[in-house]
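Visitor: All chains, please: the whole structure from these sequences, using the hints.
2 protein chains.
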Amino acid sequence: MQFSSALLENAVNEFARLPGIGKKTALRLVLHLLKQETADVQHFGEIISKMRSEIKFCHRCANVADGDICSICANSMRKQEVICVVENIRDVIAIESTQQFNGTYHVLGGVISPLDGIGPDQLKIESLINRVQKDQVQEIIFALSPTIQGDTTIFYIQKKIQPHTIRITTISRGIAFGGELEYADEMTLARSLQNRLPVESYVANSH
Amino acid sequence: MQFSSALLENAVNEFARLPGIGKKTALRLVLHLLKQETADVQHFGEIISKMRSEIKFCHRCANVADGDICSICANSMRKQEVICVVENIRDVIAIESTQQFNGTYHVLGGVISPLDGIGPDQLKIESLINRVQKDQVQEIIFALSPTIQGDTTIFYIQKKIQPHTIRITTISRGIAFGGELEYADEMTLARSLQNRLPVESYVANSH
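Line by line, the protein sequences give chains S and F. Note that the numbering used here has the first sequence beginning at 90, numbered continuously upward. Note that the numbering used here has the second sequence beginning at 90, numbered continuously upward.
Since the hints were derived computationally from the structure, they do not count as laboratory data. Predicted, not measured: the structure shown is a model, and the values here were computed from it.
Repeated chains share a single entry, so a pair holds when one copy, or any two copies, can fit it.
Below are the DSSO-like pairs computed for lysine-lysine, each with C-alpha atoms no more than 30 Å apart in a straight line:
{"#": "1", "residue 1": "K145", "residue 2": "K223"}
{"#": "2", "residue 1": "K249", "residue 2": "K124"}
{"#": "3", "residue 1": "K113", "residue 2": "K145"}
{"#": "4", "residue 1": "K145", "residue 2": "K168"}
{"#": "5", "residue 1": "K139", "residue 2": "K124"}
{"#": "6", "residue 1": "K124", "residue 2": "K113"}
{"#": "7", "residue 1": "K213", "residue 2": "K112"}
{"#": "8", "residue 1": "K249", "residue 2": "K223"}
{"#": "9", "residue 1": "K112", "residue 2": "K139"}
{"#": "10", "residue 1": "K124", "residue 2": "K145"}
{"#": "11", "residue 1": "K112", "residue 2": "K124"}
{"#": "12", "residue 1": "K213", "residue 2": "K113"}
{"#": "13", "residue 1": "K213", "residue 2": "K124"}
{"#": "14", "residue 1": "K168", "residue 2": "K112"}
{"#": "15", "residue 1": "K139", "residue 2": "K113"}
{"#": "16", "residue 1": "K113", "residue 2": "K168"}
{"#": "17", "residue 1": "K213", "residue 2": "K145"}
{"#": "18", "residue 1": "K168", "residue 2": "K248"}
{"#": "19", "residue 1": "K213", "residue 2": "K248"}
Guide: What follows is the structure, given as structure tokens:
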């Protein structure tokens, strides 16, 4: 593509670096911004910069936060003794959107996957165990991807937690094998939270 | 969608205001940016703000420019006496990418469309006529959409320019390269029959 303005070209190139955005889409977005009020576009630019530089990760659950502790952990109306273990922030947003869960989260940052070089040490498993020991945790709900890596992670954490007498469950398999949490519709996701199963019965059923 | 961070939510909402970007795509883009270096994301934000606040429109052809005159109008190697009239900046970029045109442009900003409330006064027609009168323009090439509105615009401008003895042409309409005859619409096929070219000139041009 040939541009007659370096400013335009730079902006298009920046947008085209985003995932799933090609040059033509980037150009469309930039030309759209060009039609907006200058103040609005500057606001857009500032919001992006600010988001990256000021966002924090909750010291407790590793969810995104505006301060040291995320709004979910800081909310005294939420059951601190119930922890839903998820892979990433997107999963927290997906579960929150169902409005069916009143506990707290723990964002692992992925699942154990030796082939990708992700072992337990790369994930927030240590801090989860610490929470179980320190807080009066009564239940851990696993909401991980229904994959072998997800199952491995559940199994690993379950072994670590077993000395403590708490309830360990997984969300029910209303979600198709190989499907990703964020693409599940809210109804399915809500049902799978309501119908969560004890891990023993889950393991017994699936193997 | 429920977010646990206002910073994240604001950023997602800003992205979701872009055309063709829904909430889920916006979230994906924001989470991608969250994984990038802070400096890179700030650079991204600054490039966007700067683009909107500093970009100018060429006083001559209304194309985007970094200064008062765009790089195409300022280029003495380009034939200033040949003007290609287009609807928008995107068309300039498309034609420039062919590397087949060595004249200058005139960006109308749309086509005459009374139903959409766009009359000749909303378009850069006045400045085009001025260029024809002032500069030694020899040819005007219309590269507008092949629609009734596009044809109306060509007709309107042609009437205005007629006192001046210059060549007025349009880009040819016909079957696209790689296009199949049976899928072409009747209008295009009829036009391409009417405007058939001698094989010698076609072969001479295409090689």
